[in-house]
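Undergrad: Chains as they are written, first to last, in the numbering used here: chain A, 1 to 527; chain B, 1 to 126.
Treat the hints with care, as some may be off.
Which bits of chain B does chain A cover? Going by a derived footprint, with three or more residues having C-beta under 8 Å, they are [claimed, not checked]:
{"id": "1", "region": "13 to 21"}
{"id": "2", "region": "29 to 38"}
{"id": "3", "region": "46 to 52"}
{"id": "4", "region": "60 to 72"}
{"id": "5", "region": "81 to 94"}
If you are wondering where the hints come from, they were derived from the structure by calculation, not from laboratory data.
The beta carbon of each residue, even a glycine, is placed where N, CA and C say it ideally should be.
So you can see what is in the structure, the chains are spelled out below.
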Amino acid sequence: MTSLTADVLVIGGGLAGSWAAVAAARAGAAVILVEKGYCGTSGVTATAGPGHWWVPPDPDLRRAAIDRKLTPAAGLADPDWMARILDLTWTSLPTLEGHYRFSVDEAGRKQYRALRGPEYLRAMRRLALEAGATILDHHPALELLQHGDGSIAGARGLVRATGEDWTIRAGATVLATGGAGFRSHLLGAANNTGDGHLMAAEAGASISGMEFSTAHCIAPARTTMTRSMSYAFARYFDTDGCEVPIPPGPDNNREIAAALLKGPLFCSLERVPEDVRRLLPQIQPNFGLTFAREGVDPFTERFEVTLRGEGTIRGSGGLRIADADCGTDVPGLFAAGDTATRELVAGAVSGGGAINSSWALSSGQWAGRAAAERARRAGRRDAELARPIGQAGLRPLARPGGLDPREVERAAQAEVLPFDKIYFRQARTLAASADRLETLWRDTADHLVAMGSDRLRAREAAALVATARWVTHAAAGRTESRGMHYRTDLTGRDDRFAARQLVEGLDRVVTRYERPAAATARLEIAS
Amino acid sequence: MIELVVESRCVGCSACVEVCPTGVFDRAADGRPVLARVEDCQTCFMCELYCLADALYVAPDCENRVPVDEAAILASGLLGQYRRDSGWDEWEADPSKSNEHWRMEGVFARAARAPGGVGPGPARVE
Ligand SMILES: Cc1cc2nc3c(=O)[nH]c(=O)nc-3n(C[C@H](O)[C@H](O)[C@H](O)COP(=O)(O)OP(=O)(O)OC[C@H]3O[C@@H](n4cnc5c(N)ncnc54)[C@H](O)[C@@H]3O)c2cc1C
Ligand code: SF4
Ligand code: SF4
Numbered sequence: 001m002t003s004l005t006a007d008v009l010v011i012g013g014g015l016a017g018s019w020a021a022v023a024a025a026r027a028g029a030a031v032i033l034v035e036k037g038y039c040g041t042s043g044v045t046a047t048a049g050p051g052h053w054w055v056p057p058d059p060d061l062r063r064a065a066i067d068r069k070l071t072p073a074a075g076l077a078d079p080d081w082m083a084r085i086l087d088l089t090w091t092s093l094p095t096l097e098g099h100y101r102f103s104v105d106e107a108g109r110k111q112y113r114a115l116r117g118p119e120y121l122r123a124m125r126r127l128a129l130e131a132g133a134t135i136l137d138h139h140p141a142l143e144l145l146q147h148g149d150g151s152i153a154g155a156r157g158l159v160r161a162t163g164e165d166w167t168i169r170a171g172a173t174v175l176a177t178g179g180a181g182f183r184s185h186l187l188g189a190a191n192n193t194g195d196g197h198l199m200a201a202e203a204g205a206s207i208s209g210m211e212f213s214t215a216h217c218i219a220p221a222r223t224t225m226t227r228s229m230s231y232a233f234a235r236y237f238d239t240d241g242c243e244v245p246i247p248p249g250p251d252n253n254r255e256i257a258a259a260l261l262k263g264p265l266f267c268s269l270e271r272v273p274e275d276v277r278r279l280l281p282q283i284q285p286n287f288g289l290t291f292a293r294e295g296v297d298p299f300t301e302r303f304e305v306t307l308r309g310e311g312t313i314r315g316s317g318g319l320r321i322a323d324a325d326c327g328t329d330v331p332g333l334f335a336a337g338d339t340a341t342r343e344l345v346a347g348a349v350s351g352g353g354a355i356n357s358s359w360a361l362s363s364g365q366w367a368g369r370a371a372a373e374r375a376r377r378a379g380r381r382d383a384e385l386a387r388p389i390g391q392a393g394l395r396p397l398a399r400p401g402g403l404d405p406r407e408v409e410r411a412a413q414a415e416v417l418p419f420d421k422i423y424f425r426q427a428r429t430l431a432a433s434a435d436r437l438e439t440l441w442r443d444t445a446d447h448l449v450a451m452g453s454d455r456l457r458a459r460e461a462a463a464l465v466a467t468a469r470w471v472t473h474a475a476a477g478r479t480e481s482r483g484m485h486y487r488t489d490l491t492g493r494d495d496r497f498a499a500r501q502l503v504e505g506l507d508r509v510v511t512r513y514e515r516p517a518a519a520t521a522r523l524e525i526a527s
Numbered sequence: 001m002i003e004l005v006v007e008s009r010c011v012g013c014s015a016c017v018e019v020c021p022t023g024v025f026d027r028a029a030d031g032r033p034v035l036a037r038v039e040d041c042q043t044c045f046m047c048e049l050y051c052l053a054d055a056l057y058v059a060p061d062c063e064n065r066v067p068v069d070e071a072a073i074l075a076s077g078l079l080g081q082y083r084r085d086s087g088w089d090e091w092e093a094d095p096s097k098s099n100e101h102w103r104m105e106g107v108f109a110r111a112a113r114a115p116g117g118v119g120p121g122p123a124r125v126e
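One chain only, chain A, in its complex shape (with noise of 0.2 Å):
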């Protein structure tokens, strides 16, 4: 077993824990960041190619961005987060010079604001070396340490190659696992199966938001190939050939999912402009693969498509920020990224296409700082006891086996991936997908198990059932329809829940609603 100390722990190495390994070294930190794949090909901005929320530092500018994004955000935004969010994206994307290679537009402007996942990636990578930061790829962690105070003592995980575990402590621990993507074949989120939330609630956390997991991309059928620009140019046929009307993209996810509902579903890409064509490769490398693969001409032939779930990746809950510095609820540990709840940024709509990666550059380097600083004054206590406090998946608590993780990861998908599920929520069918989870979660903490490297897949298991039962209680809970959350049976937004909701619990899950700002407003005018 490898034993290694650090001031800073960062466990997950895209966007978000890219950031903050590089911020908390920066910092004077010694930093070891532990990644399940591949720190530069992993994560879900690896495979695209993020868009920041890019806007000059003029006041009037930029109160004006804020004010366009507060509306669709439906009240659980917070416009101070925007704007520091909005800051730091600014001053940060142009010190990856030298390591990215930015583009410049016909009139010489530099482009930072859309940068290529794996050129991004690859850059962060080499960003966190530079800055001192030691980096264990293939090093999934499994659960995490906790100090008799309740503080977080470091983590304990696997080498993937070999099945043996590591431990690592540290003065302070971020999470950046990502999103809950419950392995829906969206591109590049096989790893991100809500470990960090179910390390991070085994701890004691609260996870706010989690019924914004309704977003979802189109990708050519059979395929994880979720690049949707040029699809803003799409149109829709049904096996017979009729035309399905379908509003033109982006925003037409929920009409794509109920012509699925009712067949295959075809598209046809022959209204995208001869230029756009021709420069397509240059613009998203990865969009043309699978047609030259499968011999289809996407502009002149018509394709099947899909849509692939994204869970809670382009939705905006997650572990809830409890400070100014991404702390949450656990002394010690720090949450970034798509791990944290993106309602304080994006509100109650998905946060795609602008404000998740500036949230995942933001949210990262001030955990990552604040976490050095946490190290700095508490110190790393690597010789005080730490008891390792993972259950589901690890420890049966009752007799060991006789279930197949992949079996218990299919059961769990079943709640939360089918559209009607998702898109078409109401209570019934929400209260039936609850009751099912419950059993399953019974089963999995019971007795799922499993030897050497397998244990992550078991691990992996137990987080999807874990985020499915949080993601299906938050959508029972929140009893109107409010932004990406869409409910068939209460349709109309209802004020009295104009506030952010929380799950939490393992062996029981509860729901509330945290007080909404005018309630507290007047609580306070009253006393």
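Since chain A is already given, all that's left is putting chain B with the ligands on it; use the hints.
TA: What follows is chain B with the ligands alone, placed relative to chain A:
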């Protein structure tokens, strides 16, 4: 899913083993990849991007294994397409492979203005 390692091209650098995010490959003694866990492949094409020898072929189907014909794939010119179109390595200085990713925002805007488009909407990049 990954279906093919072209042994005649592979130089045993192990880059693919290192960068695969889902641990699909084992490393053979000579550094070459062994397709050990194909069912874990997330069809992300990252291994192809990092293979300087263009020796890997990821089939587009992420749901089912598909048979592949090595000779046909070698003849198709498909190997190395991602690395080439990305302008990596030996293609880096080629102006026809420049990174035009930043134009995405403009493309969305054009789609919104096009006949049947949604009109000027919020700028959107993916
Ligand atoms: C197709 C697509 C397009 C997008 N486009 C945009 C856009 O244009 N603009 C925008 O703002 N946002 C966009 N987003 C969202 C944006 O990509 C995410 O918000 C961002 O990647 C979040 O970064 P992250 O580090 O939190 O998660 P990720 O980048 O997903 O990284 C999470 C990392 O944690 C690792 N990990 C997981 N579990 C463990 C474990 N147990 N131990 C160790 N490591 C672990 C994973 O392997 C992964 O590398 C897009 C998302 C998708 C899917
Ligand atoms: S990256 Fe390519 S050349 Fe290197 S080991 Fe893998 S297949 Fe062989
Ligand atoms: S496509 Fe992605 S997951 Fe599959 S082998 Fe290649 S790098 Fe690994």
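Undergrad: So, for every hint listed, does it hold in this structure?
TA: Structure-based check of all given hints:
| no. | hint | result |
| --- | --- | --- |
| 1 | 13 to 21 | holds (count 4) |
| 2 | 29 to 38 | violated (count 0) |
| 3 | 46 to 52 | holds (count 3) |
| 4 | 60 to 72 | holds (count 5) |
| 5 | 81 to 94 | holds (count 5) |
Figure legend: structure checked against the earlier numbered hints; the only hint not met is number 2.
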